[in-house]
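When we follow my numbering, the leftmost residue of the sequence shown carries the number 128, and every step to the right adds one.
Quick caveat, the hints were computed from the structure, so don't treat them as lab data.
Among the hints, erroneous ones may be present.
Said to hold, decoys possible - Pairwise CB distance ranges (calculated):
1. R217 - A298: 29 to 35 Å
2. Q545 - N269: 38 to 44 Å
3. A315 - R247: 55 to 61 Å
4. K248 - G546: 29 to 35 Å
5. L241 - P511: 56 to 62 Å
6. T227 - A315: 42 to 48 Å
7. A412 - T137: 15 to 21 Å
8. R217 - L144: 48 to 54 Å
9. F223 - P501: 50 to 56 Å
10. E544 - P180: 53 to 59 Å
11. D219 - T333: 28 to 34 Å
12. M393 - P265: 25 to 31 Å
13. P482 - Q287: 16 to 22 Å
Positions of the beta carbon are idealized from the N, C-alpha and C atoms, including for glycine.
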Amino acid sequence: MPGRPVRVRTKLYLCLLLLFIPLLLLGSGAYYTLGRVSENLDDMVERTLIDLPRITNLKSLLLLAKMPPNDYLISGNAGERVTFDNFSSRIDEALFKIRTSQRTNDEALFLVELAAENWRKSRSLAHAIFAIENIRTPAAENAMREFDAQMARTIALLDQLERESFHLVEAGVDKTRARQRSMLLGTALTCGLALLIGIVTTVLLTRAVVRPLAALRRHAYRLGQGDLKTRINLPLDDEFGSLAEVFNTMAGNLERSQEVLHDMAMRDGLTGLYNRREFHHRLQAEFDRARRRQSPLSILMMDIDHFKKVNDTYGHLVGDEVLREVAARVGRHIRTMDFLARYGGEEFVIITPEPHQGALVLAERIRAQVADEPVLISDGQLLPVTISLGCATWPDQGETDLELVNLADQALYSAKEQGRNRVVGQPPSGGKPKLKVISEPC
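Could you build all of it, start to finish, from the sequences and the hints given here?
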């Protein structure tokens, strides 16, 4: 059965007692030095567990705040202004906490003020973007580029502030080690016996304090560099072990928060599908892979028929129900190798490695599944819903990923022109899209 754990304080007192017997003066000096070591340790722990997470959290909030203006210029949704204002309030609060921190030195405070000034400029640029009514203009694109550049400068200042915090931690470690060297030097100058006892004491201190402290510093640096998987492995029999456990909990929370934020940036909030930004990112990767392997790649663009009429007749809440239900049905009829995203409004898009004929079969299966079963809305009514689909395949049609999307969109437009509730695929040689499946439109 293991004995009672020896606390760090007890280990330090034992070391001091060894020095006190041969030389009272040397023992007193060593006690004073170790007290200063503990003070430096407290300062580093506070900076590691309070200042650095605040800076990391502020950077995460700034990255999230970049999304609403971008999304507004893509979709024109005025609700993005509310989302941005929510993030803006949280950023202001985070800046205030960092600014008023008692541990922030003059240089760090200057960086905080500079970052706050850059953030205010970024916020003004964002408000100007939200005031743009015609979002499909070069002026809107220029405003977005200016906003992104201003946000990048703000984040760069926070990176500099983070490096300054790490510098202060490293300075504390250097100060601690310098005091230890002074203690050893005093022991060596006093007498051979004090030197011997000092060496023994140093070994004990190294095992009890320096190694855990170095581990804390090393892993804190890794965490600040973005390695959220870093963990400290120390025995849980003293305060350093407890501190390591707290550090590991903090790193785990940061890692989970980062994963949540990353998922939020990729997902559509209504349907839970991937959003348009993630679709284009995935499309480029899949298109490059298809060209390397010389394998087919198909795009299915789909649109809910008469969706505006659903919104006008039953209201937008019912329209949202229809969007979620259609997204769920389509998701149940694709494979793990296929990629489904909400393209915008009532439009969805699928990336599939199927050749053209296989993609048309998949599209018809999806169309039939949606059309065969009405959607049960919240008031108990059964609402008939149909979709139209357009298909384009590389290398049969299109030479680039964007051209492939455009051809699929043209095929979708042709399907809606020809009566809706049908699938249309682009012919291999281009020209007018060819009708592949015809059903009675709703």
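A quick look at each hint next to the structure:
At about 31 Å, the CB distance of R217 to A298 agrees with the hint of 29 to 35 Å. The beta-carbon spacing between Q545 and N269, approximately 40 Å, falls within the hinted interval of 38 to 44 Å. Between A315 and R247 the CB atoms are about 57 Å apart, so this pair conforms to the stated range of 55 to 61 Å. In this structure the hint that K248 and G546 lie 29 to 35 Å apart at CB is violated, the actual value being about 53 Å.
For the hinted restraint 56 to 62 Å between L241 and P511, the CB-CB distance of approximately 59 Å keeps it satisfied. The hint said 42 to 48 Å for the Cβ distance between T227 and A315, and at roughly 45 Å that hint holds. Range check, A412 to T137: about 57 Å between beta-carbon atoms, so the 15 to 21 Å window is missed. Taking 48 to 54 Å as the suggested C-beta distance range, the pair R217 and L144 conforms, at roughly 52 Å.
For F223 paired with P501, a C-beta distance near 53 Å keeps the hint of 50 to 56 Å intact. The hint said 53 to 59 Å for the Cβ distance between E544 and P180, and at roughly 56 Å that hint holds. A hinted range of 28 to 34 Å is violated for the C-beta pair D219 and T333, which are about 45 Å apart. For M393 paired with P265, a C-beta distance near 28 Å keeps the hint of 25 to 31 Å intact.
For P482 and Q287, the hinted distance range of 16 to 22 Å is not satisfied, since their beta carbons lie about 52 Å from each other.
Hints 4, 7, 11 and 13 from the list above are not met by this structure, while the remaining hints are.
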